[in-house]
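**Student:** Same order as they appear, the protein sequences are chains A and B.
Each number in my numbering corresponds to the 1-based position in the first sequence with 205 added.
Each number in my numbering corresponds to the 1-based position in the second sequence with 491 added.
Don't take every hint at face value.
[Claimed, not checked] Non-contacting residues of chain A with respect to chain B, defined by C-beta distances greater than 10 Å in every case (computed):
(1) Asn254
(2) Tyr264
(3) Phe273
(4) Leu276
(5) Glu291
(6) Asp319
(7) Gly389
(8) Gly409
(9) Tyr410
(10) Pro496
(11) Pro532
(12) Lys575
[As the list claims (entries may be wrong)] Covered stretches of chain A, as calculated for chain B (at least 3 residues, CB under 8 Å):
(13) 351 to 359
(14) 435 to 448
(15) 567 to 573
FYI, nobody ran anything at the bench for these hints, they're computed from the structure.
Heads up, the beta-carbon is just placed ideally off N, CA and C, and yes, glycines get one too.
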Amino acid sequence: MKPITTRDFSRREFLVFSAAASGGLVLAACGGSALAPAASATPVPPIENALNIYNWSQYLNPDTVTQFQKLNASMAIKQDTYASNEDMLAKIEAGAKGYDIVVPTGYMVKIMIDKKLLLPIDHMLLTNYSHIDKRFTLSGYDYGNKYSVPKDWGTTGFGFRKDKIPQGMTSWKDFFEMAPKFSGKISVLDGANEVIGSTLKYLGYSYNSDNDQQLSKVKDTLLAFKPHVGHIDSANYKNLIANGDVAYSMGWNGDFAAVLALTPAPPVQYVVPAEGSEFWVDTWAILKTAPDPIAAHAFINFILDPKIEGQEANYSYYANPETDAIPYITNGITKDPTVYPTSDVLAKLESNKPTPKGQRQRDQIYAEFKAA
Amino acid sequence: MLLAPATFWYLFFFAVPIGFILVFSFLTSADFGGIQLQFSLDNYAQLAQSTVYLRVFRSTIGMAAAGTALCLLIGYPFAYFLATRAGRWKNLFLVMLIVPFWTSFLTRTYAWLILLGDHGPLSNVLQRAHLLHGDLNFLYSYKAILLGVTYNYLPLMVFPLYVSLERLDKRLLEAAKDLGAGRWATFRRVTVPLTMPGILIGCLLVFIPLMGEYVVPSILGGARSFMIGNLIGDEFISAHDWAFGSALAMAVIVILLILITIYFRAARRVTSSELSL
Numbered sequence: 206m207k208p209i210t211t212r213d214f215s216r217r218e219f220l221v222f223s224a225a226a227s228g229g230l231v232l233a234a235c236g237g238s239a240l241a242p243a244a245s246a247t248p249v250p251p252i253e254n255a256l257n258i259y260n261w262s263q264y265l266n267p268d269t270v271t272q273f274q275k276l277n278a279s280m281a282i283k284q285d286t287y288a289s290n291e292d293m294l295a296k297i298e299a300g301a302k303g304y305d306i307v308v309p310t311g312y313m314v315k316i317m318i319d320k321k322l323l324l325p326i327d328h329m330l331l332t333n334y335s336h337i338d339k340r341f342t343l344s345g346y347d348y349g350n351k352y353s354v355p356k357d358w359g360t361t362g363f364g365f366r367k368d369k370i371p372q373g374m375t376s377w378k379d380f381f382e383m384a385p386k387f388s389g390k391i392s393v394l395d396g397a398n399e400v401i402g403s404t405l406k407y408l409g410y411s412y413n414s415d416n417d418q419q420l421s422k423v424k425d426t427l428l429a430f431k432p433h434v435g436h437i438d439s440a441n442y443k444n445l446i447a448n449g450d451v452a453y454s455m456g457w458n459g460d461f462a463a464v465l466a467l468t469p470a471p472p473v474q475y476v477v478p479a480e481g482s483e484f485w486v487d488t489w490a491i492l493k494t495a496p497d498p499i500a501a502h503a504f505i506n507f508i509l510d511p512k513i514e515g516q517e518a519n520y521s522y523y524a525n526p527e528t529d530a531i532p533y534i535t536n537g538i539t540k541d542p543t544v545y546p547t548s549d550v551l552a553k554l555e556s557n558k559p560t561p562k563g564q565r566q567r568d569q570i571y572a573e574f575k576a577a
Numbered sequence: 492m493l494l495a496p497a498t499f500w501y502l503f504f505f506a507v508p509i510g511f512i513l514v515f516s517f518l519t520s521a522d523f524g525g526i527q528l529q530f531s532l533d534n535y536a537q538l539a540q541s542t543v544y545l546r547v548f549r550s551t552i553g554m555a556a557a558g559t560a561l562c563l564l565i566g567y568p569f570a571y572f573l574a575t576r577a578g579r580w581k582n583l584f585l586v587m588l589i590v591p592f593w594t595s596f597l598t599r600t601y602a603w604l605i606l607l608g609d610h611g612p613l614s615n616v617l618q619r620a621h622l623l624h625g626d627l628n629f630l631y632s633y634k635a636i637l638l639g640v641t642y643n644y645l646p647l648m649v650f651p652l653y654v655s656l657e658r659l660d661k662r663l664l665e666a667a668k669d670l671g672a673g674r675w676a677t678f679r680r681v682t683v684p685l686t687m688p689g690i691l692i693g694c695l696l697v698f699i700p701l702m703g704e705y706v707v708p709s710i711l712g713g714a715r716s717f718m719i720g721n722l723i724g725d726e727f728i729s730a731h732d733w734a735f736g737s738a739l740a741m742a743v744i745v746i747l748l749i750l751i752t753i754y755f756r757a758a759r760r761v762t763s764s765e766l767s768l
């Protein structure tokens with residue numbers, strides 16, 4: 206028989222070959238399951254050569270990544286971004302593989318734990334964990350931080366342009382009732398929980414209410430408010446308010462602090478509304494399907510070093526859960542009440558904790574709000 | 492055997508996904524995402540009862556129709572020019588039409604954001620020429636969406652029209668003139684019916700994707716415009732209501748099938764009446 210390369214493939218051989226090739230491809234795709242988590246007693250497996258971080262945008266100091274890269278010269282570090290917890294959950298639930306680290310907010314951690322999407326954290330690998338303030342280890346969403354490590358905490362409120370609204374704004378009442386004067390120049394966050402929660406506080410109810418009558422009033426308020434809303438945006442509102450394209454915008458405190466740190470500083474002020482608002486904690490979490498769990502633990506441990514935590518705060522303008530990091534935070538950030546609110550402000554805040562029924566109601570109201 | 496690749500493609504990438512959506516639309520969503528195997532007609536009931544979602548359907552069909560009409564109004568003269576009068580510039584124009592397609596859809600849409608921004612180049616030029624006082628206020632509105640979709644889908648309309656017009660036997664136009672038809676009558680009674688296949692295909696290629704358009708309304712439309720594509724995306728991603736999202740998707744498919752059937756019948760009637768076939 207002549208060697209295979211110098212005669213034409215017969216039709217049968219072609220079919221056999223392609224069947225074998227596609228079978229091989231299928232097998233290759235099915236392989237590569239995640240490393241099982243190392244038990245504390247057995248020796249730690251060697252650190253992997255890759256790390257894939259799925260994070261909010263502009264929420265991780267590039268210097269931190271560079272420094273971590275220097276300590277792990279052959280590691281391929283990749284980053285991807287999302288703009289809301291729901292976007293991230295949808296992608297993970299749809300089966301996206303390859304991400305190691307995600308950054309869910311507290312309520313989303315609980316959801317992901319219930320859905321068995323997170324890897325239990327091996328605290329033996331987190332030598333810097335002791336720097337985390339005690340109160341951040343006793344959370345309602347993940348008591349004892351078994352599946353998540355606190356990253357940053359902050360508030361949800363709104364910011365306004367002092368040049369357009371010289372008399373100032375202090376409450377959700379101002380936010381909703383001044384809308385007709387600034388129609389089209391208003392932005393809200395793209396999230397059912399933030400929008401409905403804020404309206405609930407405006408009407409004097411709890412951020413997490415699932416009472417039908419209260420939510421019905423919320424719907425009416427929002428439908429009356431919608432014609433004046435110009436933007437529904439969670440990622441770009443910083444630029445909109447810095448440019449003056451909006452008069453006021455719902456948003457998160459650190460983003461406004463970052464806007465105020467620009468030179469020249471735009472005339473923007475952040476407000477935690479008088480009726481109350483949301484207090485949130487963002488966390489580092491490792492996915493159960495993470496291909497590089499050891500690298501993920503090493504990265505989180507690296508960030509928990511107070512010096513690195515301080516560096517993070519200097520970049521993102523968000524408060525972190527380590528008092529030990531305060532000496533490393535510059536620019537007067539720790540004195541800025543936008544980033545580190547006083548305790549009387551904190552007392553007015555609630556954490557986002559919707560019930561499944563409440564979540565469904567919120568999603569429905571929010572869809573109608575967007576479609577209005 | 493020859494049909495095998497096409498059959499495989501059709502089954503795997505078309506029939507199976509639509510099958511999933513059809514099945515999901517009759518089930519119930521699990522909390523915070525996923526599907527429970529519980530039969531329910533609630534999704535369709537919710538859709539039928541709501542005025543809000545029906546309004547979204549109406550405005551999407553309106554946007555798709557307006558976008559298609561604009562593409563046709565701009566595309567037909569351009570294709571006519573290309574086929575009859577462009578001469579040696581024909582290839583240059585064709586290349587100019589295609590080159591934007593080499594950039595990603597998203598980048599092309601974002602380019603409009605920069606150009607038409609309140610502090611963007613167009614606004615600056617107009618303000619300096621004292622033609623504009625205050626903000627441009629063009630973006631984040633319905634007209635911005637129409638601009639975006641017309642710009643992005645125009646080539647899809649022009650190419651089938653161009654092919655149809657190119658193949659048109661110009662001697663028929665001469666014959667019409669000889670028989671006493673004016674230019675408009677020739678156009679209406681000879682050119683249009685004969686290029687109807689091109690018009691049909693061009694309109695379909697534009698209208699169908701426009702019904703599901705997601706990117707342009709979300710970037711250029713601001714809070715004012717929420718199309719069915721955005722709604723379905725939100726139901727799946729933000730609201731985690733896969734069952735309801737699937738019901739909405741099935742509704743879009745059914746509406747499209749109905750509209751396309753009506754359209755085909757009407758187009759065939761125009762063609763056959765004008766050509767007395």
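**Student:** Could you run down the list of hints and mark each one as holding or not?
**Tutor:** These are the hints, each one checked on the structure:
Separation of Asn254 (chain A) from chain B is adequate, the least Cβ-Cβ distance of about 31 Å exceeding the 10 Å criterion. With 10 Å as the threshold on Cβ separation, the claim that Tyr264 (chain A) sits away from chain B holds: the shortest Cβ distance comes to roughly 20 Å. Taking the minimum C-beta to C-beta distance to chain B, about 30 Å, the non-interface status of Phe273 (chain A) holds against the 10 Å cut. Every CB of chain B lies more than 10 Å from the CB of Leu276 (chain A), the least distance being 36 Å, so the non-interface label holds.
With a least CB separation of 4 Å from chain B, Glu291 (chain A) falls inside the 10 Å interface cut-off, contrary to its annotation. With a cut of 10 Å on Cβ distances, Asp319 (chain A) falls inside the contact zone with chain B, its closest approach being about 8 Å. Non-interface call for Gly389 (chain A) relative to chain B: violated, since the shortest CB-CB distance, roughly 8 Å, does not exceed 10 Å. Under the 10 Å C-beta cut-off, the non-interface status given to Gly409 (chain A) relative to chain B holds; the minimum distance is some 26 Å.
With a cut of 10 Å on Cβ distances, Tyr410 (chain A) stays outside the contact zone with chain B, its closest approach being about 21 Å. Under the 10 Å C-beta cut-off, the non-interface status given to Pro496 (chain A) relative to chain B holds; the minimum distance is some 23 Å. Taking the minimum C-beta to C-beta distance to chain B, about 40 Å, the non-interface status of Pro532 (chain A) holds against the 10 Å cut. Not every CB of chain B is more than 10 Å from the CB of Lys575 (chain A) (nearest about 5 Å), against its label as outside the interface.
Residue count for the segment 351 to 359 of chain A with a Cβ under 8 Å from a Cβ of chain B: 0. That is fewer than the three needed, and the coverage hint is violated. A count of 4 residues in the segment 435 to 448 of chain A with a Cβ less than 8 Å from any Cβ of chain B is obtained; the coverage claim is therefore met, three being the minimum. Restraint check on the segment 567 to 573 of chain A versus chain B: 5 residues with Cβ-Cβ distances below 8 Å, three needed, restraint holds.
Taken one by one, the earlier hints fail for this structure at numbers 5, 6, 7, 12, 13, listed in ascending order.
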